[in-house]
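2 protein chains.
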Amino acid sequence: MKIENPNPIQWRFSERAAQLQSSFIREILKITQQPEIISFAGGLPSPATFPVDVMKSAYDKVLSTTGKTALQYGPTDGYMPLRQWIADSLSVNGAKIVPEQVLMVSGSQQALDLLGKVLIDEGSRVLVETPSYLGALQAFSVYRPEFKSVLTDDHGLVPSSLAPVAEGARLLYALPNFQNPTGRTLSVERRLELVETCARLGLPLIEDDPYGALSYKGEPLPKMVAMNPEGVIYMGSFSKVLTPGIRLGYVVAPLPLVRRLELAKQAADLHTAQLTQMVVHEVVKDGFLDQHIPTIRDLYGNQCQVMLEAMAEHFPASATWTKPEGGMFIWVTLPKHINAMELLDEAIKEKVAFVPGAPFYANEPETNTLRLSFVTVPPERIRQGIAILGKLIAARL
Amino acid sequence: MKIENPNPIQWRFSERAAQLQSSFIREILKITQQPEIISFAGGLPSPATFPVDVMKSAYDKVLSTTGKTALQYGPTDGYMPLRQWIADSLSVNGAKIVPEQVLMVSGSQQALDLLGKVLIDEGSRVLVETPSYLGALQAFSVYRPEFKSVLTDDHGLVPSSLAPVAEGARLLYALPNFQNPTGRTLSVERRLELVETCARLGLPLIEDDPYGALSYKGEPLPKMVAMNPEGVIYMGSFSKVLTPGIRLGYVVAPLPLVRRLELAKQAADLHTAQLTQMVVHEVVKDGFLDQHIPTIRDLYGNQCQVMLEAMAEHFPASATWTKPEGGMFIWVTLPKHINAMELLDEAIKEKVAFVPGAPFYANEPETNTLRLSFVTVPPERIRQGIAILGKLIAARL
Numbered sequence: 001m002k003i004e005n006p007n008p009i010q011w012r013f014s015e016r017a018a019q020l021q022s023s024f025i026r027e028i029l030k031i032t033q034q035p036e037i038i039s040f041a042g043g044l045p046s047p048a049t050f051p052v053d054v055m056k057s058a059y060d061k062v063l064s065t066t067g068k069t070a071l072q073y074g075p076t077d078g079y080m081p082l083r084q085w086i087a088d089s090l091s092v093n094g095a096k097i098v099p100e101q102v103l104m105v106s107g108s109q110q111a112l113d114l115l116g117k118v119l120i121d122e123g124s125r126v127l128v129e130t131p132s133y134l135g136a137l138q139a140f141s142v143y144r145p146e147f148k149s150v151l152t153d154d155h156g157l158v159p160s161s162l163a164p165v166a167e168g169a170r171l172l173y174a175l176p177n178f179q180n181p182t183g184r185t186l187s188v189e190r191r192l193e194l195v196e197t198c199a200r201l202g203l204p205l206i207e208d209d210p211y212g213a214l215s216y217k218g219e220p221l222p223k224m225v226a227m228n229p230e231g232v233i234y235m236g237s238f239s240k241v242l243t244p245g246i247r248l249g250y251v252v253a254p255l256p257l258v259r260r261l262e263l264a265k266q267a268a269d270l271h272t273a274q275l276t277q278m279v280v281h282e283v284v285k286d287g288f289l290d291q292h293i294p295t296i297r298d299l300y301g302n303q304c305q306v307m308l309e310a311m312a313e314h315f316p317a318s319a320t321w322t323k324p325e326g327g328m329f330i331w332v333t334l335p336k337h338i339n340a341m342e343l344l345d346e347a348i349k350e351k352v353a354f355v356p357g358a359p360f361y362a363n364e365p366e367t368n369t370l371r372l373s374f375v376t377v378p379p380e381r382i383r384q385g386i387a388i389l390g391k392l393i394a395a396r397l
Numbered sequence: 001m002k003i004e005n006p007n008p009i010q011w012r013f014s015e016r017a018a019q020l021q022s023s024f025i026r027e028i029l030k031i032t033q034q035p036e037i038i039s040f041a042g043g044l045p046s047p048a049t050f051p052v053d054v055m056k057s058a059y060d061k062v063l064s065t066t067g068k069t070a071l072q073y074g075p076t077d078g079y080m081p082l083r084q085w086i087a088d089s090l091s092v093n094g095a096k097i098v099p100e101q102v103l104m105v106s107g108s109q110q111a112l113d114l115l116g117k118v119l120i121d122e123g124s125r126v127l128v129e130t131p132s133y134l135g136a137l138q139a140f141s142v143y144r145p146e147f148k149s150v151l152t153d154d155h156g157l158v159p160s161s162l163a164p165v166a167e168g169a170r171l172l173y174a175l176p177n178f179q180n181p182t183g184r185t186l187s188v189e190r191r192l193e194l195v196e197t198c199a200r201l202g203l204p205l206i207e208d209d210p211y212g213a214l215s216y217k218g219e220p221l222p223k224m225v226a227m228n229p230e231g232v233i234y235m236g237s238f239s240k241v242l243t244p245g246i247r248l249g250y251v252v253a254p255l256p257l258v259r260r261l262e263l264a265k266q267a268a269d270l271h272t273a274q275l276t277q278m279v280v281h282e283v284v285k286d287g288f289l290d291q292h293i294p295t296i297r298d299l300y301g302n303q304c305q306v307m308l309e310a311m312a313e314h315f316p317a318s319a320t321w322t323k324p325e326g327g328m329f330i331w332v333t334l335p336k337h338i339n340a341m342e343l344l345d346e347a348i349k350e351k352v353a354f355v356p357g358a359p360f361y362a363n364e365p366e367t368n369t370l371r372l373s374f375v376t377v378p379p380e381r382i383r384q385g386i387a388i389l390g391k392l393i394a395a396r397l
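These protein sequences, in sequence, are chains H and Z.
Residue numbers for the first sequence, in the UniProt record's numbering: 1 to 397.
Residue numbers for the second sequence, in the UniProt record's numbering: 1 to 397.
Chain H extracted, bound-state conformation:
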């Protein structure tokens, strides 16, 4: 039963749909997933760190004991015992976070989308680091802001550079710990200065913190949300400390904002899976992460060290790079005339991949930069891949 010769639809998309572009990284990943390629392009955590058996036991326990509840619709704001656990874990150093401030989301990418939806009008000014996390640029872009890149150096974002661009800005988005893409960390002094500056300017500060627990020395820096809970929006995630495929994150915000975010979430997907939240609560409630996270830190810390040593050996002196103290990424700056996109074409021919830096810039891209991830590549392959990259860079000098 089909209708005869229908007219083809002339699709008319919304203006915001015209902004939509596929993440360049996800496109590269498609090319570089062949096993023969040594890929430093991934932003994925290492599956070696996924506690599969622990997750399996927790699914079994939750479904056996509270299956009907776990499989029913749930509240938009989330599963209260998990929100309480998150609030408690953030209530340190004198800070007091209440569970009503915590909204559970389907991965912290959703928090970015909801924040964009609730805070950004077309043309609104949005401040980001230079460079910034690509997923945030992508999420905010849908709402058609005017991005302004804020000066960043080896100690992270430079707070004194905010004032000239803050007028009318709706938010500042920052990733203070082991930033994606640079691996840089915002120093403690800068954190205080940044929080004070934002409070003085009346500027909402988003603290995105997916990697904070992955400090190689196990010494996390103080969170900005604890310095001013009424002015800082904190984003957290279980993707890097547990597993990403379950899609579970959270946003902690002052009450007037979190209530708006909750309404936006209700319209966007009703709520995040109850079962997932109950399982994660089952996993974390008795301190599992305290034993588990150090194993991730050790793995990543060792592989980072291997990569840094290989770079020191094989990269020419005119290249510079960051020395991360945690997280998943190293950021390389090549001599100005070397275009990382062209270098990538050559590297792929030699079976090595990385992500060129340009897509991480909201405004003028620095085309001589690139991002390397070391977390899913074994040490021997890291050394091989870096040696090949070193040769390709040297050939372009």
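The set of hints was computed from the structure by calculation and includes no laboratory data.
Computed from a prediction, not measured in an experiment: that's the story for all the values here.
Possibly wrong hints are sitting among the right ones.
Any copy will do: because identical chains look the same in the list, a pair fits if it lies in one copy or spans two.
[What the hints assert, rightly or not] Mimicking EDC-like on lysine to aspartate or glutamate, the simulated pairs with C-alpha atoms at most 20 Å apart in a straight line are: (1) 2 - 88; (2) 391 - 196; (3) 30 - 77; (4) 2 - 189; (5) 2 - 193; (6) 2 - 196; (7) 2 - 230; (8) 30 - 100; (9) 96 - 4; (10) 68 - 53; (11) 148 - 366; (12) 391 - 309.
Following the hints, complete the assembly by docking chain Z onto the known chain H.
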């Protein structure tokens, strides 16, 4: 380490955030969840139908055999074997749906949000049934359309009423099977006429079909997407045939549109949980739903019958109501002068709850309507509750 006396933030929300309102139904649900209340207000499926043990075995199997993959990030468009299964299940009666047309989403509410994001600009005309599904009105409202209600009668939407309002409209949203809120079904003749009319007008038609499998007689009506796969966008869900708490649905659309929706989803939440998709595929791939769905149909069909019989006995002759052939809802029209919102206040005092009809209208609400759900209330309580409602209505005549 806190900063001293920060200025409180003066929150400046986006214009679209001003549109955000909590679903009236979710607010009522909070009131009516006390166990002593006989609640016909819920839109939730009955937990008695959740196959907890089957789900538990599937989680166990997927995590035991492919745990690392299931817990890793996955593709935005979804898990291919499940997309293939969905495409195959829709490729009946000569229709040919390919898996590339299927986008997996985090519950079909997310499909509504993505469709709104990609198709609606501020002021765009959007056509909906009279009355329409509240969750769709809520999702689309965020993008600030101009809603136009299309005439609907006992056989569903009236296709001939489209032409005068279709000029420039971005989409028509319809729920043809056992509609939420009315329980009405669009007749086969109307389906063909509607699909032809939309094709002639160049109007994208959204066919939202969460309840289609829940025909009490087990005879599903032909799907409109099969009548014109290039002009109809189909939305499906596992919430009503399996469980809602896992948040898994899908949208099937012509390729130019599905690609845009995929990009919007990437920015919104990267992808829907791999583990959930793999588990559902494990559950459905060998025909489990063919045995399971009839048990849901029987339960709901019996309780619907009980409610209809009780209404015939207790409701005054001046009230009319729909006689659903499937799904979860009965729609009641009272004499014009009775306001269902006021009736609800009285009913709650007598420990009975329902949903007033007004919030389901995009334009002029009919305040003398209400929605009853029978799926989570045992027969004896259905009879009690309907008797009480009948008395309260009679008292207002």
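Evaluation of the provided hints:
Taking CA atoms no more than 20 Å apart as the test, residue 2 paired with residue 88 passes between copies only; the shortest distance there is 17 Å, against 58 Å inside one copy. For the homomeric pair residue 391 and residue 196, neither the shortest alpha-carbon distance inside one copy (46 Å) nor that between copies (63 Å) is at most 20 Å. Taking identical chains as interchangeable, the C-alpha atoms of residue 30 and residue 77 lie at most 20 Å apart only when they sit on different chains, with a minimum of 13 Å there against 35 Å within one chain. In this homomeric assembly, residue 2 and residue 189 come within 20 Å of each other (Cα to Cα) only across copies, at 12 Å, whereas the closest approach inside a single copy is 68 Å.
Proximity of residue 2 and residue 193 under a CA criterion of 20 Å is satisfied inter-copy only: 11 Å between copies versus 66 Å inside one chain copy. Proximity of residue 2 to residue 196 under the C-alpha cut-off of 20 Å is restricted to the inter-copy arrangement: shortest distance 9 Å between copies versus 65 Å within a copy. Only between protomers do residue 2 and residue 230 lie at most 20 Å apart by alpha-carbon distance; the minimum there is 11 Å, versus 58 Å within a single protomer. In this assembly of identical chains, the alpha carbons of residue 30 and residue 100 lie at most 20 Å apart only when taken from different copies (16 Å versus 40 Å within one copy).
For a Cα distance limit of 20 Å, the shortest separation of residue 96 from residue 4 across copies, 15 Å, qualifies, whereas the shortest one inside one copy, 65 Å, does not. For the identical chains of this complex, residue 68 and residue 53 are inter-copy neighbours only, at 10 Å across copies versus 23 Å inside a copy, given an alpha-carbon limit of 20 Å. For the homomeric pair residue 148 and residue 366, the shortest alpha-carbon distance inside one copy (15 Å) is at most 20 Å, but the shortest distance between copies (49 Å) is not. Taking the shortest Cα distances, residue 391 and residue 309 sit within 20 Å of each other inside one copy (16 Å), while across copies they are farther apart (83 Å).
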